[in-house]
Amino acid sequence: GENVEQHPSTLSVQEGDSAVIKCTYSDSASNYFPWYKQELGKRPQLIIDIRSNVGEKKDQRIAVTLNKTAKHFSLHITETQPEDSAVYFCAASRPGWGKLQFGAGTQVVVTP
Amino acid sequence: DAGVTQSPTHLIKTRGQQVTLRCSPKSGHDTVSWYQQALGQGPQFIFQYYEEEERQRGNFPDRFSGHQFPNYSSELNVNALLLGDSALYLCASSFLRGEQAKNIQYFGAGTRLSVL
Numbered sequence: 059g060e061n062v063e064q065h066p067s068t069l070s071v072q073e074g075d076s077a078v079i080k081c082t083y084s085d086s087a088s089n090y091f092p093w094y095k096q097e098l099g100k101r102p103q104l105i106i107d108i109r110s111n112v113g114e115k116k117d118q119r120i121a122v123t124l125n126k127t128a129k130h131f132s133l134h135i136t137e138t139q140p141e142d143s144a145v146y147f148c149a150a151s152r153p154g155w156g157k158l159q160f161g162a163g164t165q166v167v168v169t170p
Numbered sequence: 182d183a184g185v186t187q188s189p190t191h192l193i194k195t196r197g198q199q200v201t202l203r204c205s206p207k208s209g210h211d212t213v214s215w216y217q218q219a220l221g222q223g224p225q226f227i228f229q230y231y232e233e234e235e236r237q238r239g240n241f242p243d244r245f246s247g248h249q250f251p252n253y254s255s256e257l258n259v260n261a262l263l264l265g266d267s268a269l270y271l272c273a274s275s276f277l278r279g280e281q282a283k284n285i286q287y288f289g290a291g292t293r294l295s296v297l
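Which chain is which? The protein sequence lines are A and B, in order.
Here the first sequence stands for residues 59 to 170, numbered as in our numbering.
Here the second sequence stands for residues 182 to 297, numbered as in our numbering.
Hint data in this document are derived by calculation from the structure and do not stem from the laboratory.
Quick caveat, the model's predicted, so the values are computed rather than measured.
Just so it is clear, CB atoms sit at the ideal spot from N, CA and C, and this is done for glycine as well.
Keep in mind that the hints are not guaranteed to be accurate.
As the list claims (entries may be wrong) - Now the in silico label distances, taken between C-beta atoms and shown as ranges:
1. A:Glu-63 - B:His-191: 28 to 38 Å
2. A:Asn-125 - B:Asn-260: 39 to 49 Å
3. B:Ser-246 - A:Ser-84: 27 to 37 Å
Construct the entire structure; sequences and hints are all you get.
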């Protein structure tokens, strides 16, 4: 079945710097790749997603890139702010599937 | 417009007991998925319900069962609770009907289950 690996497990950045989180997936049939942000004690919140027919998508300070050949996708956060501190999860899904296969998460800490 | 709501927020049970968790999807959504999130891990897919039927299931034993009602709300039932069932149980809703169908899932705040 699908396996999603996420790196790094923790990431500390200075406010204003960029943060990059990388995920690899095993199922070449996967075509949908969302990213969720989960603050302590809160629900996972969808922050951006990408489908396999595009290579990059951007929303303000957040961008996601997808390399289908290498089967990896990345989240890029620019100009980080303390409120970006949270656990970030990547996920992958096949067409027509309900299941989202999640990575193990990345704890991002932005220090002022 | 209400988002995904879950109840209860916290629950404490003992081994061997049974538990029922409830979820109301986001307005306009017709599909409910359930996930188990152990501490420090990513959510693990349990199953998804659409048109009142289990549409897809993850690697969870038959002790985990569910139901979807005509109003699209859903229940997750866990029988014969084990200590290892202690986790945050998340419900996510999405829209699967028709040409606008997409698997964009929005999560509720979860139910924290503790099994003693």
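*Just pull the numbers of the violated hints for me, sorted ascending.*
Of the numbered hints, all hold.
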